[in-house]
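2 protein chains.
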Amino acid sequence: VALRHQITKGLIKRLRKVVGRPWLLTAPADLIPYSRDASGFSAMPEAVALPESAEQVCELLAICSSEGIPVYPRGAGSGTVGGAVAEKGGLIISMVRMNRMENFSHVDLLCRVGPGAVTGAIQKEAERLGLFYPPDPASLAFCTIGGNVATCAGGARAVKYGVTRDYVRALEVALADGCLVRLGSEAAKSVAGLDLARAVVGSEGLLGVITGITLRLLPLPQEVRTLVALFGSAQMALEGVSRLFQAGLVPRCAEFMDRMSLSAILEGLPFKVGHDAESLLIVEVDGSRAAAAEDAALASKVLAEAGALDVRQMSGPRDRQQLWQARRGLSPAIKRLGYSRKVSEDVCIPRSAMVAMLEFLQGISRPEAAILTFGHAGDGNLHVNLLLTQENAGDEALIHDIVEKIMEKSVELGGTISGEHGIGMAKRDYLPLEHSSRVLALERSVKEAFDPKGIMNPAKMFRQ
Amino acid sequence: VALRHQITKGLIKRLRKVVGRPWLLTAPADLIPYSRDASGFSAMPEAVALPESAEQVCELLAICSSEGIPVYPRGAGSGTVGGAVAEKGGLIISMVRMNRMENFSHVDLLCRVGPGAVTGAIQKEAERLGLFYPPDPASLAFCTIGGNVATCAGGARAVKYGVTRDYVRALEVALADGCLVRLGSEAAKSVAGLDLARAVVGSEGLLGVITGITLRLLPLPQEVRTLVALFGSAQMALEGVSRLFQAGLVPRCAEFMDRMSLSAILEGLPFKVGHDAESLLIVEVDGSRAAAAEDAALASKVLAEAGALDVRQMSGPRDRQQLWQARRGLSPAIKRLGYSRKVSEDVCIPRSAMVAMLEFLQGISRPEAAILTFGHAGDGNLHVNLLLTQENAGDEALIHDIVEKIMEKSVELGGTISGEHGIGMAKRDYLPLEHSSRVLALERSVKEAFDPKGIMNPAKMFRQ
Numbered sequence: 082v083a084l085r086h087q088i089t090k091g092l093i094k095r096l097r098k099v100v101g102r103p104w105l106l107t108a109p110a111d112l113i114p115y116s117r118d119a120s121g122f123s124a125m126p127e128a129v130a131l132p133e134s135a136e137q138v139c140e141l142l143a144i145c146s147s148e149g150i151p152v153y154p155r156g157a158g159s160g161t162v163g164g165a166v167a168e169k170g171g172l173i174i175s176m177v178r179m180n181r182m183e184n185f186s187h188v189d190l191l192c193r194v195g196p197g198a199v200t201g202a203i204q205k206e207a208e209r210l211g212l213f214y215p216p217d218p219a220s221l222a223f224c225t226i227g228g229n230v231a232t233c234a235g236g237a238r239a240v241k242y243g244v245t246r247d248y249v250r251a252l253e254v255a256l257a258d259g260c261l262v263r264l265g266s267e268a269a270k271s272v273a274g275l276d277l278a279r280a281v282v283g284s285e286g287l288l289g290v291i292t293g294i295t296l297r298l299l300p301l302p303q304e305v306r307t308l309v310a311l312f313g314s315a316q317m318a319l320e321g322v323s324r325l326f327q328a329g330l331v332p333r334c335a336e337f338m339d340r341m342s343l344s345a346i347l348e349g350l351p352f353k354v355g356h357d358a359e360s361l362l363i364v365e366v367d368g369s370r371a372a373a374a375e376d377a378a379l380a381s382k383v384l385a386e387a388g389a390l391d392v393r394q395m396s397g398p399r400d401r402q403q404l405w406q407a408r409r410g411l412s413p414a415i416k417r418l419g420y421s422r423k424v425s426e427d428v429c430i431p432r433s434a435m436v437a438m439l440e441f442l443q444g445i446s447r448p449e450a451a452i453l454t455f456g457h458a459g460d461g462n463l464h465v466n467l468l469l470t471q472e473n474a475g476d477e478a479l480i481h482d483i484v485e486k487i488m489e490k491s492v493e494l495g496g497t498i499s500g501e502h503g504i505g506m507a508k509r510d511y512l513p514l515e516h517s518s519r520v521l522a523l524e525r526s527v528k529e530a531f532d533p534k535g536i537m538n539p540a541k542m543f544r545q
Numbered sequence: 082v083a084l085r086h087q088i089t090k091g092l093i094k095r096l097r098k099v100v101g102r103p104w105l106l107t108a109p110a111d112l113i114p115y116s117r118d119a120s121g122f123s124a125m126p127e128a129v130a131l132p133e134s135a136e137q138v139c140e141l142l143a144i145c146s147s148e149g150i151p152v153y154p155r156g157a158g159s160g161t162v163g164g165a166v167a168e169k170g171g172l173i174i175s176m177v178r179m180n181r182m183e184n185f186s187h188v189d190l191l192c193r194v195g196p197g198a199v200t201g202a203i204q205k206e207a208e209r210l211g212l213f214y215p216p217d218p219a220s221l222a223f224c225t226i227g228g229n230v231a232t233c234a235g236g237a238r239a240v241k242y243g244v245t246r247d248y249v250r251a252l253e254v255a256l257a258d259g260c261l262v263r264l265g266s267e268a269a270k271s272v273a274g275l276d277l278a279r280a281v282v283g284s285e286g287l288l289g290v291i292t293g294i295t296l297r298l299l300p301l302p303q304e305v306r307t308l309v310a311l312f313g314s315a316q317m318a319l320e321g322v323s324r325l326f327q328a329g330l331v332p333r334c335a336e337f338m339d340r341m342s343l344s345a346i347l348e349g350l351p352f353k354v355g356h357d358a359e360s361l362l363i364v365e366v367d368g369s370r371a372a373a374a375e376d377a378a379l380a381s382k383v384l385a386e387a388g389a390l391d392v393r394q395m396s397g398p399r400d401r402q403q404l405w406q407a408r409r410g411l412s413p414a415i416k417r418l419g420y421s422r423k424v425s426e427d428v429c430i431p432r433s434a435m436v437a438m439l440e441f442l443q444g445i446s447r448p449e450a451a452i453l454t455f456g457h458a459g460d461g462n463l464h465v466n467l468l469l470t471q472e473n474a475g476d477e478a479l480i481h482d483i484v485e486k487i488m489e490k491s492v493e494l495g496g497t498i499s500g501e502h503g504i505g506m507a508k509r510d511y512l513p514l515e516h517s518s519r520v521l522a523l524e525r526s527v528k529e530a531f532d533p534k535g536i537m538n539p540a541k542m543f544r545q
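Going down the list, the protein sequences come from chains A and B.
The first sequence begins at 82 in the numbering used here and counts up by one.
The second sequence begins at 82 in the numbering used here and counts up by one.
Calculated from the structure, these hints are not laboratory results.
Note that the structure is a prediction, hence the values are computed from the model and not measured.
A few of these clues could be false.
To be verified - Calculated pairs, EDC-like style, for lysine to aspartate or glutamate (alpha carbon to alpha carbon, straight line, at most 16 Å):
1. B/490 <-> B/440
2. A/98 <-> A/140
3. B/241 <-> A/247
4. A/423 <-> A/477
5. A/241 <-> B/247
6. A/205 <-> A/183
Pulled out of the complex, with its shape left as it was, chain A reads as follows (with noise of 0.2 Å):
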């Protein structure tokens, strides 16, 4: 089916009944705001409506699907790989209206959000009643969890807890067809039919539009101890990981950052740095206050056996607020490097493999082509950011050949090459280094099993 990439005055009129008038944008400067997302990719859709309801998602969507309009489902919009830029144009379906958060149960460890619910307004709320919900994406003060969900979202918590997937029961989505189906089951365990649930989980927009989902909750953990280790090389402190592991330690997070990584947020940092200092580990641990005390003993012991030059523990919330607050600015914090551009990969290998990683990136990162890396070390995620001086910003060759070497390498050490950001339009043209043309092919079915037009996020993921 051929997309029309265009809609008409008489369209806009259909789309605008169904959401209100308020709730259809057209006008460019209303539009502009929709452009883009935290990738560095834009493209204008030709409007944009802000539903409130499932039965408008599908209301809209049946038109669409009728008139082979392109959708694109957003949320905040805080995606790193162009996922909800309307690249074809169309319509951008905007779920931060449909934000509720309802039925936290202490039974059943479970609650209820619409996609527009902002992941740390859920977090707020869960802590509130004495309840957990783990995944904590870096932009966990304004994305939404229907954009957690659409993109499997990680964060520092996952090296214990896991990522969204483990913590989605059900979905209710919305086809692209405009036909309302509700996916998993809120049962704690349940194997009835095909396990579609997850399927669409990371899906990034491609399958349909996420217009509610059931939240697997947590007892909230009695204690946390956070500690920073300091270490006089990257390879000590990926090493310290490892034996964090080898000591029979899960801690909640174990975050790196190299030198460069450091040197963007010192001044934030609730602590000083020494000049020796080449790579910080944030080692967290939680659970019972006697659980905690003694893992977080068992860390500091294990990290300073591991060669750190210092280990600390963080003395009270004050302190743990300032380093996490450091920690989730580090990615905009690079920007006044003063390189011209980044370009911001999410490799994720097996920890063993880490260190090889590193090294490897040591090696190909030079002054006009600098590889700053920091990132969920407890996972083997490394944020790997490629900064260009100004004579090297425009070189699109040189970046996709230095990108496409990482990918390459982090597949060859058994790793992927996208740890949590997703495809989208940044890294479609790399995921065939991952994935055989076969799932490649096999995808695409699926794809076009729940979509057959192909109106979901077209083009995204794998081209068309």
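Could you slot chain B onto chain A? The hints should help.
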């Protein structure tokens, strides 16, 4: 595509050439053990192949695919829904020779296993190394991990640790046409492309033959504490489970038995049970020594406050082992209660709905069609056993009517028709109670994407 349902002599020759003479069975006496699983269903396959490598599996599939021969992957045949039964004739591929267990890693918390590896053997090897593979279906002493992945097997520890899905990192799958693909990633996190690995988990052999599995492991918990609590009513016991969660505990197990279940295994228990006991809970907590002790004390207190007649802690590993042996032997022990036929269901509902479910079951139970209930109450997963006296054992209409009522109730209470056993032949007529016709159509089209000729386990899950 019409399936031929008949393996000619010429075909037998070709199949034999793939696996070698001793590993292709065609004599009726050799086929009988493969004609049934742990359900009541049976059908004779035309041949059974026992390949030793993924390459052999692919060659077998290529032949069957080109000739339209139905194929049934099979592990230990411990499934309870007829998933491994050769209902339409054709070839059973037994995976038991592909039972390697290797690459156990403390740093990566992974191991690689063949589909024929016995789940209990994987667990023992992991434990020997201080590692932990949590899923523990009652058949763990003989069931295979390939079958566990194909059915997304659960078990008693799912309460805290989740199900097989949560431990599958990467899969090697032979597709229906004989092409070998790798799905998922050995990295701790991967969001590259659509999540086809999780679509295969729980797909009951409909999408391909699993030939290799990378499992996620955990460090072995330092200590396990096991409590048993007797209650004067089943309702109070289930209420006790809810109270554990309200108190912020997530036990690793919370097993429930009603009076009839108790009576079936009474002699095997390592303690005396008074006449006033109508129900038994087994509650296990684990973690560090301190954490396990703390949680055991809290659980004891909560269960006592919930009105338990008696709460006691198992004193040592011997009592624990005896208790679990009795529990795992419960399903076969039911057969000794004197009824002529047992029909087993495994509904799963939100925990908060368990008492309502139980009262519903008590309401429909009658002497000639009694209902015995036990199960993983911590998950809301109740194994409901319909027990029929001789005069009713053949009354299919009566049985269908009762089973349908139970399943309808489960769905009405927000639950599922199967928590961990799957659909297979046993529940395919009931799946429409839970999945809408649109969802079923989607599932069929995903099946078609993987297996366009429909040779893989035909007519299971949904009739064709």
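Evaluation of the provided hints:
no., hint, in the structure
1, B/490 <-> B/440, "holds, 11 Å"
2, A/98 <-> A/140, "holds, 10 Å"
3, B/241 <-> A/247, "holds, 13 Å"
4, A/423 <-> A/477, "holds, 12 Å"
5, A/241 <-> B/247, "holds, 13 Å"
6, A/205 <-> A/183, "holds, 13 Å"
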